[in-house]
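Q: If you want the building blocks of each chain, they are given just below.
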Amino acid sequence: MSDADKRDILVEVRDLRKWFPVQQGFLHRLFGEKALHVRAVDGVSFEIERGEVFGLAGESGSGKSTTGRVVLGLSRPTTGKVIFDGQDLAKLSSTELRKLRRRMQVIFQDPMASLNPRMSLGKGIGYGLEIHAPEMDADARRDAVVEILERVGLSPANFFYNKFPHQISGGQRQRAVIARALVTKPDLVLADEPIAMADVSVRALLLDLMNELKRELNLTYLFITHDLATAKYICDRIAIMYLGKIMEIGPLREVYQYPLHPYTQALLAAVPVPDPHARRAEPMPEGEIPNPINPPSGCVFHPRCPIAQPNCAVEVPPLRELRPGHRVACHYAERFLP
Amino acid sequence: MTTTEQQKEVLVQVRDLSVTYHTRLGTLSAVSEVSFDIYKGEILGLVGESGCGKSTMGKALMRLLAPPAEISGGQIIFDGEDIMGYDDRQMRDFRGRRVSMIFQDPMTSLNPVQRVDEHFTEAIEVHEPRTPLREALDRARTLVETLGIRTNRLRDYPHQLSGGMRQRVMTGLGLVLNADLIVADEATTSLDVIVEAKLVDEFKRLRDAYNLTILLISHNIALVAQIADRAAVMYAGQMAEIADTTELFDNALHPYTVGLLRSVPSIELDEREELYKMGGEPPNLTRPPRGCRFHPRCPRAMPICSQLRPTLLPVDPEGNHLVHCWLYEKHPDNWEEMV
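Chains as they are written, first to last, in my numbering: chain B, 1 to 338; chain X, 339 to 677.
Think of the hints as simulated: they come from the structure by calculation, not from any bench. Treat the numbers as computed from the prediction; the structure is a model and nothing was measured. Mixed in with the good hints there might be a few duds.
As the list claims (entries may be wrong) - Here are the simulated DSSO-like pairs of lysine-lysine, each with C-alpha atoms no more than 30 Å apart in a straight line:
hint: 1; chain 1: X; residue 1: K615; chain 2: X; residue 2: K346
hint: 2; chain 1: X; residue 1: K615; chain 2: X; residue 2: K378
hint: 3; chain 1: X; residue 1: K615; chain 2: B; residue 2: K185
hint: 4; chain 1: X; residue 1: K542; chain 2: X; residue 2: K378
hint: 5; chain 1: B; residue 1: K214; chain 2: X; residue 2: K615
hint: 6; chain 1: B; residue 1: K123; chain 2: B; residue 2: K163
hint: 7; chain 1: B; residue 1: K91; chain 2: B; residue 2: K185
hint: 8; chain 1: X; residue 1: K542; chain 2: B; residue 2: K163
hint: 9; chain 1: B; residue 1: K163; chain 2: B; residue 2: K91
To be verified - Output of the computed footprint for chain X on chain B, the stretches with three or more beta carbons under 8 Å from beta carbons of chain X:
hint: 10; segment: 242 to 248
hint: 11; segment: 261 to 269
For glycine and all other residues, C-beta sits at the position ideal for the given N, C-alpha and C.
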C-alpha cells in the first residue's frame, strides 16, 4: 500500500457487503429454510482521495445508493470496512459517529422531500448547526446561514432567509438543499442524484455551482448518478456498478474512452447522444438486471454478456488493473485494450 | 425519412390551441395558441422542460383534460374532422381507436389485479365488442410476441414483470386497437438506459412495420435526436420552433432552442467541456410575460419582444422550419402604436 500512502485518502472502503434479509413467511422459518438476502452491495472496495469527485454510476438496483449510505454510516455494513479519515466507522460509538457526521453531509435527489416544509430556509439550514455546533450562539448561526445562502446563489440572503420551501422555485430549492449540506463545513459530501430532478436549463448552473463550491470549500464529493452524460461534467474518477459489484473503475475520461468491460461498453452505447447524425446502431444486451436475491454465479454479467465464455459462469472475475489506475472485473478485458 | 418525401399527408392539425387551468391562484395559461401538424407515418418529438405544456398538449389531443383544466380555444382537426365538436360517445370511440396513449409509469397505469392478457382483451372488448374472445387473445399473443415478451407471460400479473417488460405491455396496449396516432408521453423515462435504448429501437421498428404515427413527448432532448423525424420545442406554453430533427440540431434559430441544445450534457468526449448556462428560470404561468414568453431570459431580446407576440412562421421556402421569434419576422411598422 505504498501507493496509497502517498495519495491523500479521505475514504477507504474495503470489501463492503450490505445484504438485506427478505421477509419470509412463518412456515418457511419454522421449517428452517435458508434465509434469503437481497445482496444490494456485494464486495465493493474503493478509495476516495481528498478533493476529488468520485462517481458511482449504474442502473437502478445496482447498489450505488446503498453503498453511499453505508459509506456515510447511515446504515451499517453486513461485512467490510469503511475508513473515514483514518477512523474505522464500525469501531466508533454512536456519540463519536454523530460528531463525525458534521464532516460528512448529504444532498438528496428530491429537494421538496428533503426540506422541512414548516421551516423557513434560514431555520432549516441552521438546524444542522444547532445539532452539530451547539456552542454557536444564535447570531453566529445566523451569520453562517446567511454566508452559505449567498455562496449558493440565494441572494439577497436576508430575503431568502425567511422564505419557505414552497415559496421558491425548484432550482432555488436545490440550492437550499446544497446550502444545508454545506453549512456544517463538511469534508465529504454524498450527492445522491443531486440534479436528476432539475430541468436541463437549470442543471448546468447547479453542476457549475457544485464544482465552484468544491474548489472554494475544499470538498470531496461522492457523486451517485445513473446519468453517465452528467457524470462527465463533474467526476474525476468513476466506478461502474452492476448487481452490487464494481465492474470497472478508473479516471472518468479513461473509462469513457477505453471502456474495458462489456457492461460499461453497453451502458455507454445506450446513452442517447444529442446529435441526430450520430444515431446508435449497435444492439443492446439481452434481458434486464437479474434478481439480486439470487444473482448469477461467476461473473454476474455473464447471462447478458456478448463475449461470455463457459468459465464466466463459474469463476468470479477479480478487479484487475490493466491500465494505470484503470481496473476492470472481466476475464477477457484484454481484448478491448487499445 | 417520411418528412423528406414529396408528399406529406397531414394526420392531425392543431390550430391556435389554448389550454387553461383554473387554480386557486388564478387562471394558468398552460398552452397558449399553439399550432402544428402531425404527418402520417412520422415520429414527431415534442420536447421542453417541465411545465412547458407538452404533456398538457398530449392530453388535449385526446381531449382527456378534466377540470380544472379546460381547452379554452382552438381546433384539433384529426384526419379532416374537428374533434372539438365530438360528443362523449364519439370521443369514446375516438380514444383508443384513432389515438392511443402510452403513459410514463406502467406500474400505476396497469391494473395490479388484472392479468396481462385481460388488459388486452378488455381493451378489445370495449372498442370492438363483436370480436370473439379467442380472436382477441390471438391478437394479444401476436402483439406481445412482436414486442419481445414470451407468450407464457400473458397470464402473469403486472407485479411479476420487470420494469422493461411492463413498459412493453403498455406499448402493446397502445398498439392493440391499431390506432392511427400513438401519443407516447415520457414513455421511456422511468427505464434504465439500456432498457430504454431497446424500447426506442422497438418504437422505430414498429413505426416502420406498421406505418405508425407517433407523437413522442419527452424532456430528453438526446432521445428525440436519436429517434424523431421532426422535433418541436415548447417553452412556457408556446411553440418555439419546429423543424426536421437534423435541421433543428444543426441550425436552431430560436434563442431558447439554441440555449437548450447547448445545455444538454453529452457523453461524447470530444464535445465541449462546459455546458451553456441559461440565466433565469421558466416563468410562472399564472402571470406569463407579455409578448414572447421567453423574452425575460432571452439574450437577444428586443423592445418589441416584451410587447407583442411573434407568429410561428416558416423561415425556409419549403415551409419545414418554423420559428416563433421576432428575430426572424418582419416587425410591423406601427408596432409601438399597436401596443
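Q: Could you check the structure against the hints above and give me the numbers of any it violates, in ascending order?
A: Structure breaks hints 1, 2, 8, 9 and 10.
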